[in-house]
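Since the structure of chain A is already known, use the hints to place chain B on it.
For the protein sequence lines, the chains are A and B, in the order given.
For the first sequence, position 12 matches number 12 in our numbering, and the numbering has no gaps at all.
For the second sequence, position 100 matches number 100 in our numbering, and the numbering has no gaps at all.
Errors might be hidden in some of the hints.
Stated by the list, open to error - Derived DSSO-like pairs: lysine-lysine, alpha-carbon spacing no greater than 30 Å straight-line:
#, chain 1, residue 1, chain 2, residue 2
1, B, 1, B, 42
2, A, 70, A, 57
3, A, 9, A, 70
4, A, 9, A, 57
5, B, 42, A, 14
6, A, 57, B, 68
7, A, 9, B, 42
8, A, 9, A, 71
9, A, 57, A, 83
10, A, 70, B, 42
11, B, 1, A, 57
12, A, 57, B, 42
13, A, 83, B, 1
14, A, 9, A, 83
15, B, 42, A, 71
16, A, 83, A, 14
17, B, 42, A, 83
18, B, 68, B, 1
No lab work stands behind these hints, which were simulated from the structure alone.
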Amino acid sequence: DGGITQSPKYLFRKEGQNVTLSCEQNLNHDAMYWYRQDPGQGLRLIYYSQIVNDFQKGDIAEGYSVSREKKESFPLTVTSAQKNPTAFYLCASSPGTGGIGYTFGSGTRLTVV
Amino acid sequence: KQEVTQIPAALSVPEGENLVLNCSFTDSAIYNLQWFRQDPGKGLTSLLLIQSSQREQTSGRLNASLDKSSGRSTLYIAASQPGDSATYLCAVFDYGGATNKLIFGTGTLLAVQP
Numbered sequence: 001d002g003g004i005t006q007s008p009k010y011l012f013r014k015e016g017q018n019v020t021l022s023c024e025q026n027l028n029h030d031a032m033y034w035y036r037q038d039p040g041q042g043l044r045l046i047y048y049s050q051i052v053n054d055f056q057k058g059d060i061a062e063g064y065s066v067s068r069e070k071k072e073s074f075p076l077t078v079t080s081a082q083k084n085p086t087a088f089y090l091c092a093s094s095p096g097t098g099g100i101g102y103t104f105g106s107g108t109r110l111t112v113v
Numbered sequence: 001k002q003e004v005t006q007i008p009a010a011l012s013v014p015e016g017e018n019l020v021l022n023c024s025f026t027d028s029a030i031y032n033l034q035w036f037r038q039d040p041g042k043g044l045t046s047l048l049l050i051q052s053s054q055r056e057q058t059s060g061r062l063n064a065s066l067d068k069s070s071g072r073s074t075l076y077i078a079a080s081q082p083g084d085s086a087t088y089l090c091a092v093f094d095y096g097g098a099t100n101k102l103i104f105g106t107g108t109l110l111a112v113q114p
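Chain B extracted, bound-state conformation:
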C-alpha cells in the first residue's frame, strides 16, 4: 500500500530565506507526483506536477524534484515571502489496481515571518 510522508510537519523561516520541503513515498511505481498549496480553510491549488519520466519542474521561485528510485521529492522555494505561508501537500498518482487515485501526504505548514 502506497504511503506518502512529509517532513517536517511545520516550518517557520524568516523572510528571504531559501527552504526545502520533503516528501517521501513507499512505492516507486507512480505515474506522477504533484505539489499543492492550501491556504487556511480553503481548497487546494496545484503548484507543480512531475511526470514519472521527469526529474524536475520549475515555476517561478518554485522548483520540484523527483527521485523515483529513492522514493523522494523535494519542493524548493527561493527567496521566501510572507505570502508563501500556507500548507504544502504532495500527492502521488497511484495505479493501484482499479482504483486510480491521488494519495496525499500529511502536509507541511509553512510560516514565513516578515
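Here chain A stands alone, though its shape is the one from the complex:
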C-alpha cells in the first residue's frame, strides 16, 4: 500500500544535540512538507519541497534543516539552534500544489531531556 512512513515514532534529544527525523513516501508525490504541531497552535509549516533538490523555508524554519536528494525522502534535522524543539512533527506529501491530495505520516514526537 502507498503511504508515508515517519520514523522514529518517539525521539528524545539531549540539550545541544542534533537529531534527524525520517520521512519516506512511496506515492510518487512531487511535493513534501514538514509541519510542527504544538498544543493549541495547530500545524505550522517548517519547510517544504516541490521538487527534488529544491526546498523552501516555511513560517518557522529557524533551527531546522532539510534535504531532498531523492523524490521519496525528505528528512528533517532539528539542530541545537532550535531552542524549544519539544513538539509533534508531521510530514506530508501531495501530488503537486493546489492543496489537493495531501497525505500525512503518523508523526514523530520529539522530547528534549
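Leaving out everything else, chain B in the frame of chain A:
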C-alpha cells in the same frame, strides 16, 4: 496574512446529537478549504475538500459548507457516534505569493459521550 480560527476549541456532546464545528478565515482569496480529522498521536486524514467555486460537500454523515464572502466554513456531523471523537482541523489553501501552502486552524477537540 491569512489567519484561520476554529471555535470552539473543545466540544463534548452525547451520542446521537447533531453538531456543528466552525472555521473562519481572514482573507477570502482562497483556492479551496479542507476539513481534516486527527486521532490522538496520529497524522491527519482529509475528510472533505471544498473548492472556492463550491458551496458545500457531503460525505456520509458529514456536510461541509463554505461562504467565501463572509470567510466562514462549517462542518456538520449528523447523529454523532463515539467513534467521531477526535480533533477536527480546517485548512485553507492560500495563494500567498510564491508560497502556495495549506494554512491550518487550531482545531476543535470533539468528544462524543456514549
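Hints, verified against the model:
1. Between residue 1/B and residue 42/B the CA atoms are separated by roughly 28 Å; this keeps the pair inside 30 Å, and the hint holds.
2. Between the alpha carbons of residue 70/A and residue 57/A the distance comes to roughly 18 Å, so the proposed pair stays at or under 30 Å and holds.
3. With a C-alpha separation of about 22 Å, the suggested pairing of residue 9/A with residue 70/A holds against the 30 Å cut-off.
4. Restraint check for residue 9/A and residue 57/A: satisfied, since their Cα atoms lie roughly 24 Å apart, inside the 30 Å limit.
5. Using a Cα cut-off of 30 Å, the hinted pair residue 42/B and residue 14/A holds, with the two alpha carbons roughly 24 Å apart.
6. Of the supplied pair hints, the one linking residue 57/A and residue 68/B holds, its CA atoms being roughly 28 Å apart against a limit of 30 Å.
7. Note on residue 9/A and residue 42/B: the hinted pairing holds, with a Cα-Cα distance of about 10 Å set against a maximum of 30 Å.
8. Between the alpha carbons of residue 9/A and residue 71/A the distance comes to roughly 22 Å, so the proposed pair stays at or under 30 Å and holds.
9. Straight-line distance between C-alpha atoms of residue 57/A and residue 83/A comes to about 18 Å, which keeps the hinted pair within the 30 Å bound.
10. Proposed proximity of residue 70/A and residue 42/B is supported: the alpha carbons are some 25 Å apart, at most 30 Å.
11. Simply put, residue 1/B and residue 57/A have alpha-carbon atoms about 16 Å apart, close enough for the 30 Å limit, and the pair holds.
12. Between residue 57/A and residue 42/B, the direct Cα distance comes to roughly 24 Å. Compliance with the 30 Å bound is thereby established for this hinted pair.
13. Between the alpha carbons of residue 83/A and residue 1/B the distance comes to roughly 26 Å, so the proposed pair stays at or under 30 Å and holds.
14. Only pairs whose Cα atoms come within 30 Å are accepted, and residue 9/A paired with residue 83/A is accepted, the gap being roughly 21 Å.
15. The hinted pair formed by residue 42/B and residue 71/A meets the criterion: a straight-line CA distance of about 24 Å does not exceed 30 Å.
16. For the hint linking residue 83/A to residue 14/A, the alpha-carbon distance of about 12 Å falls within 30 Å, and the restraint holds.
17. Restraint check: the Cα-Cα separation between residue 42/B and residue 83/A comes to about 25 Å, which is no more than 30 Å; the hinted pair holds.
18. Only pairs whose Cα atoms come within 30 Å are accepted, and residue 68/B paired with residue 1/B is accepted, the gap being roughly 16 Å.
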